[in-house]
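Top line first, the protein sequences correspond to chains A and B.
If you use our numbering, the first sequence closes out at 1118, no skipped numbers anywhere.
If you use our numbering, the second sequence closes out at 1118, no skipped numbers anywhere.
Any given hint could be a false lead.
Same chains, same label: a pair holds when it works inside one copy or across any pair of copies.
Unchecked claim - List time: in silico BS3-like cross-link candidates among lysine-lysine, alpha-carbon distance up to 25 Å: (1) Lys-871 x Lys-1078; (2) Lys-874 x Lys-808; (3) Lys-1075 x Lys-1047; (4) Lys-1047 x Lys-1096; (5) Lys-1096 x Lys-808; (6) Lys-1047 x Lys-874; (7) Lys-1108 x Lys-1078; (8) Lys-995 x Lys-1015; (9) Lys-808 x Lys-995.
Please keep in mind that the hints were generated in silico from the structure rather than gathered at the bench.
From a predicted model like this one, the values you see are computed outputs, not experimental measurements.
Residue strings, one per chain:
Protein chains: 2
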Amino acid sequence: MDILINKALAGDTRAIARIISLIENEDPIADAVMRRIYPLTGRAMVIGITGSPGAGKSTLTDKLIESFRKRGKTVGIIAVDPSSPFSGGAILADRIRMQRHTGDDGVYIRSMGTRGSLGGLSRGTRETVLLLDACGKDVIIIETVGVGQSEVDVIKIANTVCVVLVPGMGDDIQIMKAGIMEIADVFAINKADKPGVDRVAAEVRLMLELVKDKPWTPPVHLTVAENGSGVGEFVESVIKHHNFIKNSPEGAKFEHRRLSSEVADILLKVLARKTDKAWRSYRNDDVMEALVSRKTNPYSVAGEILKKIFSDGEEGK
Amino acid sequence: MDILINKALAGDTRAIARIISLIENEDPIADAVMRRIYPLTGRAMVIGITGSPGAGKSTLTDKLIESFRKRGKTVGIIAVDPSSPFSGGAILADRIRMQRHTGDDGVYIRSMGTRGSLGGLSRGTRETVLLLDACGKDVIIIETVGVGQSEVDVIKIANTVCVVLVPGMGDDIQIMKAGIMEIADVFAINKADKPGVDRVAAEVRLMLELVKDKPWTPPVHLTVAENGSGVGEFVESVIKHHNFIKNSPEGAKFEHRRLSSEVADILLKVLARKTDKAWRSYRNDDVMEALVSRKTNPYSVAGEILKKIFSDGEEGK
């Protein structure tokens, strides 16, 4: 394990990939690795890129990589892919462009699946960010799939959340995406050469008015990621927000919240594994038959399992 | 408690409302009530209505109520409302129409919040379905908000999931909604008097082709909920699917899965409460400072807390 960790910390791409695989497979070794590398974390700028499929997130991410590389920063990218057989192809196609960076030692790109087709970020995303951070990546970009829960999860991991919108989104989309408005630190209205850009910008600014008493007002940038227009200013805002977070009381609060949710997530992960195992070993045809026929109920069954998990049995009553 | 339960089982609306409030507040009494009423559950037809905001879910639900009432069935509706301050108003407006049923003793309507603005169904939704089932509602309709996780959660609770689409949804939406395609038992393409209806219907049928070796092929109905057109046939399909589920091996499998996830959810709820409590009583300024300065790490902190939770301490090493 020590050799693997040292190789990864020295920037060996294959060693990093192997550790990420251990993380994804929930291998117990991964936990030990995380404890070891943890003291080296907390240095990277962690950016989340979210927004609807088709908004141009991958193209914008590609331009972000370019922009940060020009500034001499190393970059790690976690590209979240949907598990759905329907959507996979369409989105992956957009990501081909990003592959041009694979020859660059300063760039590490990794795809990770979601939990289920509409599910959140995979459980390993948080650990992968910590790993890339420890391995010296200056900037880590998490590109979400733009579907459901992954957008909510990203705020727990990324210090700066960028929301990408496009002109021509109907009112329904605006409502649907209202939740995302609340998590945005920086907005990009991409494909800003298309008609309707002013209307989207106006709608976003109107929504921001409603929450204006916050210490940070999310800037709204018009970008055309295809040709790089507006991307420079967008990157400036991202860096500005990162510095704001690092040097303000809000930043300290955010760091506390992030660490607190990290502990809570680890606890829940261990316990979920434990209950899953307990329920699977308890479950048999008799138990299921008793449930189906209403001879027992899920509450009593859960109580019995809790009694088994906790030797004191206090939850089993 | 006995008086409250008996009143609820006799159909007393205020008693039902009070129990749902206990459920929502995670009052320990609610668990006891659930154990008591559980033997009376498993009779109702449980329908989930999902789809984008603006698709006309509320109007269609309104017509479903009317249709089931004409068939002499009593109906319970759980209308999931987003917690977001932005979207609340817009969606609630659509639901005003449904209020015309409130004078009818055979109809019970309840709004429930989501977990966070993009979150899933509230934890109490499952219990509320069981309660309405035990209280003799023949049909229970869960209308989701059409945002993110709530659509994934509804499949764990509803026997029949109806997905409402509308003409004029762009390709992006189709991709975004791909996950929903997989959970649909019956489709309604609503606002079928609008242009573009044929294209949406063709796209849905094309997607269904990809998963055609299933025992149930989701029927696709064109509806105009506003004037009731196509709603009758849609309801017929819903009833047909309910009977299919009740009388087929797939139905038994679904019931097993549902009960199994019910036990797992209860286990996780108890453990989440327990870990949350444990983390809160363990957390103090010193612990947070040690985490921020990287003197310790979340894995070690979680290990310490697990040691406290489990008297045997096996997880703490």
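Outcome of the hint check:
Proximity of Lys-871 to Lys-1078 under the C-alpha cut-off of 25 Å is found in neither arrangement, the shortest distances being 49 Å within a copy and 47 Å between copies. Taking the shortest alpha-carbon separations for Lys-874 and Lys-808, only the intra-copy value of 20 Å comes in at or below 25 Å, while the best inter-copy value is 67 Å. For the identical chains of this complex, Lys-1075 and Lys-1047 are neighbours neither inside a copy (37 Å) nor across copies (33 Å), given an alpha-carbon limit of 25 Å. For the identical chains of this complex, Lys-1047 and Lys-1096 are inter-copy neighbours only, at 19 Å across copies versus 57 Å inside a copy, given an alpha-carbon limit of 25 Å.
With identical chains, the CA atoms of Lys-1096 and Lys-808 are at most 25 Å apart between copies only, with a shortest distance of 23 Å across copies and 57 Å within one. Taking CA atoms no more than 25 Å apart as the test, Lys-1047 paired with Lys-874 passes inside one copy only; the shortest distance there is 18 Å, against 60 Å between copies. For the identical chains of this complex, Lys-1108 and Lys-1078 are neighbours both inside a copy (14 Å) and across copies (19 Å), given an alpha-carbon limit of 25 Å. For the homomeric pair Lys-995 and Lys-1015, neither the shortest alpha-carbon distance inside one copy (31 Å) nor that between copies (42 Å) is at most 25 Å.
In this assembly of identical chains, Lys-808 and Lys-995 lie within 25 Å of each other by CA distance neither inside one copy nor across copies; the values are 47 Å within and 60 Å between.
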